[in-house]
Structures are given as C-alpha cells and as structure tokens.
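With the hints as constraints, model all of the structure from the sequences given.
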Amino acid sequence: MEKRIHYQQQIRGIHQEILRMGVLVEESLRKALTAVKTQNRELASGVIESDARIDKMQLEIEERCTVAIATEQPVATDLREIMVAIKIASDLERIGDHARHLARAVDRVSPELMNESFPIIESMAELGISMVHDSLDAYVDLDAERARSVASRDEQIDALHHDLYARIIGTMKESPELVDQGTSLVFLNRFLERLGDHVTNICEWIVYARTGKHPELNP
Amino acid sequence: MDTKLAMHTKNLNFFYGDFQALFDVSLDFGANEVTALIGPSGCGKSTLLRCLNRMNDLIPETRSEGEIYFRDQPIHGQEVDPVEVRRQVGMVFQKPNPFPKTIYENIAWGARINGYRGDMDELVETSLKKCALWDEVKEKLKQNALGLSGGQQQRLCIARTIAVEPDVILMDEPTSALDPISTAKIEDLITELRKRYTIIIVTHNMQQAGRVSEKTAFFLNGVIIEAGLTSDIFFNPKEERTEAYISGRFG
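First to last, the protein sequences are chains C and H.
Numbered continuously in this note's numbering, the first sequence closes out at residue 219.
Numbered continuously in this note's numbering, the second sequence closes out at residue 251.
Hints are supplied without guarantee of correctness; some may be wrong.
[What the hints assert, rightly or not] Computed list of lysine-lysine pairs in DSS-like fashion (alpha-carbon distance at most 27 Å, straight line):
{"id": "1", "chain 1": "H", "residue 1": "95", "chain 2": "H", "residue 2": "185"}
{"id": "2", "chain 1": "H", "residue 1": "130", "chain 2": "H", "residue 2": "195"}
{"id": "3", "chain 1": "H", "residue 1": "95", "chain 2": "H", "residue 2": "195"}
{"id": "4", "chain 1": "H", "residue 1": "195", "chain 2": "H", "residue 2": "10"}
{"id": "5", "chain 1": "C", "residue 1": "87", "chain 2": "H", "residue 2": "238"}
{"id": "6", "chain 1": "H", "residue 1": "138", "chain 2": "H", "residue 2": "195"}
{"id": "7", "chain 1": "C", "residue 1": "213", "chain 2": "H", "residue 2": "238"}
{"id": "8", "chain 1": "H", "residue 1": "238", "chain 2": "C", "residue 2": "3"}
{"id": "9", "chain 1": "H", "residue 1": "185", "chain 2": "H", "residue 2": "129"}
[Claimed, not checked] Derived DEER-like restraints, expressed as beta-carbon distance ranges:
{"id": "10", "chain 1": "C", "residue 1": "149", "chain 2": "H", "residue 2": "17", "range": "57 to 65 Å"}
{"id": "11", "chain 1": "C", "residue 1": "60", "chain 2": "H", "residue 2": "231", "range": "25 to 33 Å"}
{"id": "12", "chain 1": "C", "residue 1": "69", "chain 2": "H", "residue 2": "147", "range": "38 to 46 Å"}
{"id": "13", "chain 1": "C", "residue 1": "149", "chain 2": "H", "residue 2": "238", "range": "23 to 31 Å"}
{"id": "14", "chain 1": "H", "residue 1": "18", "chain 2": "C", "residue 2": "212", "range": "36 to 44 Å"}
{"id": "15", "chain 1": "C", "residue 1": "149", "chain 2": "H", "residue 2": "41", "range": "44 to 52 Å"}
{"id": "16", "chain 1": "C", "residue 1": "155", "chain 2": "H", "residue 2": "244", "range": "33 to 41 Å"}
{"id": "17", "chain 1": "H", "residue 1": "58", "chain 2": "C", "residue 2": "59", "range": "56 to 64 Å"}
{"id": "18", "chain 1": "H", "residue 1": "229", "chain 2": "C", "residue 2": "4", "range": "19 to 27 Å"}
{"id": "19", "chain 1": "C", "residue 1": "60", "chain 2": "H", "residue 2": "13", "range": "50 to 58 Å"}
{"id": "20", "chain 1": "H", "residue 1": "231", "chain 2": "C", "residue 2": "130", "range": "34 to 42 Å"}
Don't read these hints as lab results, they were simulated from the structure.
Please read all numbers here as calculations on a predicted model, not as lab measurements.
C-beta atoms are modelled at their ideal positions from N, C-alpha and C, and glycine is treated no differently.
Shown next, in the form of structure tokens:
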C-alpha cells in the first residue's frame, strides 16, 4: 500500500513547479530572440516584465522545498530531488535573467550593428533554447543519460562565443564610434555563453539526483 | 578491514521453536562505533541484539546456529560464562527499568556483585557524571530511583550499565518512551559514550539512526537487506526496499 501520500504529492508538486518554471524560461528566451530578430520593443518589454514572474517562482519553489525538508525529513532520492529542485530553480532563474539581457539588446544595439552579429547570436540562442527544452525533458524522469548528452552541446555555444567575440572586437577596432554598442554586444555574447553553462549545471543536477554522484559535465 | 571489530556475527540463524527469526546474519560491529539496527517490527533486529549478549538463552525453546564473536572469541564457547558476556556486553531497554532502590544503589549494586573493590562513592559519581546525570541527582543519591523522571531513569540505567565497565552497550529503542528533550539528552550521551564504548542501537526513529550512528543495518524478515555507512544508507541506499523503508513508504 502506498504510504505518506501527502508527502509524495508535495515532492511531485515541486517537480511539476520546476517544469512550469522551465517552460516559462524557455518561452522568455524564444520571445526575446524574436524581439531582437523583429526589433519588436513591445515583445522585448514583455520579456523584461515576465522575468519578475520567473524570480517569484524561484522563491516559491525554494519555500516549498524548505517546508518539505522541515516537515517531512526527506531522505535518499527524495532528499536529493528536493536539493536538486532548489539548485535547478536557481539556474533557471539565471537563464531567465539572460532572456532579459537578450531582450534589452533591442534598445541597446542599433539594428545595423545587430544585423551583422545576429546570425551567430541566433545560433547561440537557438542552441540554448533547445538545450533548455531538452534538459527539462531529461528532468521529467531524471534521465541521467539524456542529461549528459544535452550538456555535451554546450561546446557548440562556447565555439560560437569565441567567433562572435573576435568579430565584435574587430568591428570596434575598425569603428571606434561603435565601442558603446559593441560593449553591449560583448556582454550579450558572454550572457549567451553563460546560458549554456547554466543548462549544463541543470544537467549535472539531474545526474546527481539520479545517481547521488556529482558529475563534471563542463570541465 | 578499516576498524577494529568489537563484535561480529557469522552466518547467524536464530529460531524461536520452529520459527526462524534470523537468516544467515553476518555483520561487523566496529570498536567505538555506533551501529543502528533498523527495520519494521518483527524483522529480527531486537532478536539479534539479544543474541549479542546471550539474553536469548533465557527464553525457552530457542536455539541459534552460526557464530557470534566478542572481539575474536566466540561467545557460545563451552568455557564462556554468559554472565561474564552480559557484563562485557551491557544492555539498556526500551522502558527505563531502574531497580526499586536508591539512586546510589542502582549504580553500586551491579558493581558490588561483580566484585568491585574500589571506592564505591567515586564509582557512583563517575558513572553518573559520564551520563550527564550527576548534577541533577547529587543531592538525592539516597532517594528512590523510581522518583526520577523517565529521561533521568533512562540515563540512570545507562550509568548502571557502564558502572560495570562493559565494552559494548546494546540499546533497544532507548528513547521510544521519552519526550524530545530527554531523547536529545540520550542522543548527546550516545555521542559522548562512543568515545569509550561500542554501541549497538535498535531504533524505529529514522532520524535518530541518521543522527547518532556511523553504520546502519536494515533488516527485513530476519534478513539483512543492506548494511553500511549511515550516510550512504540515508542518502544513497543501494536497495529499493531500504529506500522505501527509510522514507516511510512501507513498514
């Protein structure tokens, strides 16, 4: 007979809340990329506003985890899953911040300059979005194998980051008047690279939840 | 082997008449370690505890097969006196059971019949101090022990046990009849006592097992399902049945 039904519902509830937060973050990234692509300021400000909702979800998930630890004394897989939920919520929150950074580029970088870099930015963001999506799939049933495979794609983002960095520096050298906007692009480039690192962290936490061992997926 | 063994069992089987309560139990108890025995009621953990100081000898129609060693001596050897085994392997029970005598006599009596010839006042004081009870009872050593609170009685029983200088202390759910404050005191005491003694504790309180023990063995229907470091058992057990039990999903 199943026992501690309320407790099991609590853990399932936390799990589902992480997935909901992940979907929201993925949506934000998608909207931010579209906003940059179409120079849509309204869409961009929507992304900035929804970041507050993502931040709030992180706090709510932390609160639920804290209550579960305090009242249910979870052990073994349950305990790992709750710890991992706290960690993943934190990484998702940071990815949400990066969606906001991407959306801000609509205001901070001129369409002309953006057009030059956009193919690489788009590739990085698309890779990031697909990694977020697939890491959430791996989280559904804590699929460690899938998580490892998702994390391995971070190398592609890193390579694009190097390319784009060289390109922006080149542009700034040629046209010093673009240094202000170029710096914004350098930051954006860095944030998109960090996005991949956060997804890699999420993948590491999934492996940890499943196996109890910390893997290093981003050496 | 990492630590010196205080006790170990080898392929131990135990029977109450036709009913087999333990199956092939082989378990090591490291010296100066706390080992928790956990499992649902009737799984054999208390039976094992009573085997370890031959308390089961007192129950008619029981028999055991296999070996139990105290250090490296079998405790069922022809020349072994079960009373001496019980002195070296003391026991504390679920309900505090002080003798209906004075606090002083509760400590002194066991030592006296064991032939203790030292300073009895000093032994009483040291034993009570080791159990963090001295300050509470030093003014009333001549009062009846049954006047103490449940938690104090249990600490007195532990003091009585250690007064005869055992090597191993068996504890059969020593805090299940106590309130949380008294429980915390006993747990602190266990942590303190492990420096001098080997402790084997049966507990139904999973958090207690997690808090006080270095090793844990999980029993089901008389069989060891999993035994190892407490941190492994509670954080990353290998067996699904262990996980289901410690997380309260069955048992």
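Exercise. If any of the earlier hints don't hold here, list their numbers in rising order.
Key: none
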